[in-house]
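Position chain B against the provided structure of chain A, taking the given hints into account.
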Amino acid sequence: MSGVTSINLVENALLVSIQDDVTDTEIVDLQETLSNRIAKDDVKGVILDISALEIVDTFVGRVIAQLAGISRLLAAETYVVGMRPAVAVTLVELGMYLPEVRTALSLTHALSQLRRD
Amino acid sequence: MTDLQGKPNGPLLASINLAVSRDVVAARQAVARFMKDRGASTLRVTRFATAVSEIARNAIVHGGGGEISIYLDKRNEYLVVECRDKGPGIEDISLAMSDGYTSRGGLGRGLGGAKRLSHGFDIRSTPGEGTIVSMSVKL
Numbered sequence: 001m002s003g004v005t006s007i008n009l010v011e012n013a014l015l016v017s018i019q020d021d022v023t024d025t026e027i028v029d030l031q032e033t034l035s036n037r038i039a040k041d042d043v044k045g046v047i048l049d050i051s052a053l054e055i056v057d058t059f060v061g062r063v064i065a066q067l068a069g070i071s072r073l074l075a076a077e078t079y080v081v082g083m084r085p086a087v088a089v090t091l092v093e094l095g096m097y098l099p100e101v102r103t104a105l106s107l108t109h110a111l112s113q114l115r116r117d
Numbered sequence: 001m002t003d004l005q006g007k008p009n010g011p012l013l014a015s016i017n018l019a020v021s022r023d024v025v026a027a028r029q030a031v032a033r034f035m036k037d038r039g040a041s042t043l044r045v046t047r048f049a050t051a052v053s054e055i056a057r058n059a060i061v062h063g064g065g066g067e068i069s070i071y072l073d074k075r076n077e078y079l080v081v082e083c084r085d086k087g088p089g090i091e092d093i094s095l096a097m098s099d100g101y102t103s104r105g106g107l108g109r110g111l112g113g114a115k116r117l118s119h120g121f122d123i124r125s126t127p128g129e130g131t132i133v134s135m136s137v138k139l
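Protein sequences appear in the order of chains A and B. The numbering of the first sequence is this note's numbering, which starts it at 1 and goes up by one. The numbering of the second sequence is this note's numbering, which starts it at 1 and goes up by one.
Next up, chain A with everything else stripped away, as it sits in the complex (with noise of 0.2 Å):
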């Protein structure tokens, strides 16, 4: 994996940090690279931070929904975090809504509902 993204464990999830430049390539990646982590660390949750994103399109909305489809089936749920509000928009005017993730707005929010969970 390239330096183009970071995992680091923060209390019970993984922490994931995607750059912006992040290739088709590396973000196919690192779907493997999680799974493996996942079941790694024993972790109760994945945190997506795609602050730094400036754009999320199909490809990468279809595999951050199927990231959040294994992360479930590894039993941890997916939270996406750092959305920019232009990014929303885009999306639902592309008529994606991945309802197999759950978005916090920040990280703070994300961990106090992993902790609840």
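Be a bit skeptical, because a hint or two may be false.
[Stated by the list, open to error] Computed beta-carbon distance windows for the label pairs: (1) B:SER94 / A:THR108: 46 to 54 Å; (2) B:ASN17 / A:THR33: 25 to 33 Å; (3) A:SER106 / B:GLU77: 37 to 45 Å; (4) B:LEU95 / A:GLU93: 20 to 28 Å; (5) B:GLU129 / A:THR25: 24 to 32 Å; (6) A:LYS40 / B:ASN9: 51 to 59 Å; (7) B:ASN9 / A:VAL89: 28 to 36 Å; (8) A:ALA88 / B:ILE132: 25 to 33 Å; (9) B:LYS74 / A:ASN8: 47 to 55 Å; (10) A:ARG72 / B:PRO11: 45 to 53 Å; (11) B:LYS86 / A:ARG116: 50 to 58 Å; (12) B:GLY64 / A:PRO99: 29 to 37 Å; (13) B:PRO11 / A:GLU100: 42 to 50 Å; (14) B:GLY65 / A:GLU32: 22 to 30 Å.
[As the list claims (entries may be wrong)] Here are some, though not all, of the chain A residues that point toward chain B, as calculated from beta-carbon distances under 8 Å: (15) THR23; (16) ASP24; (17) THR25; (18) ILE55; (19) ASP57; (20) ALA86; (21) THR90; (22) GLY95.
Since the hints were derived computationally from the structure, they do not count as laboratory data. For glycine and all other residues, C-beta sits at the position ideal for the given N, C-alpha and C.
Same frame as chain A, but now just chain B:
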């Protein structure tokens, strides 16, 4: 929009070869930069850069690669992006544009979505020769 019939008639700002997935990032970032430099709003930049991302990826995945050219129209009112590939072409454009249609297991919202996110959108395809997508955004 008449500007999109035929070749754009304003200055060429940049051309980007589309071969690997990193080129999609380069194309959308270039478009975003040109729009920001001309004072476009964040939402307008995000919407159009997303449309460009969809079309550039299509050229690589379905068209076997291609090229994106970024123009200003002659009155500097629109940014015009033209994406060409020499792939197999699209047999039925209206089918491909409809939401839910997918040829490769995607969500089938890419083409229709790109059109919704652009101010001008034109697609010409010749089976066996390739596809040209012209998109524009008001500056």
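Check: Which of the numbered hints above does this structure break?
Finding: none
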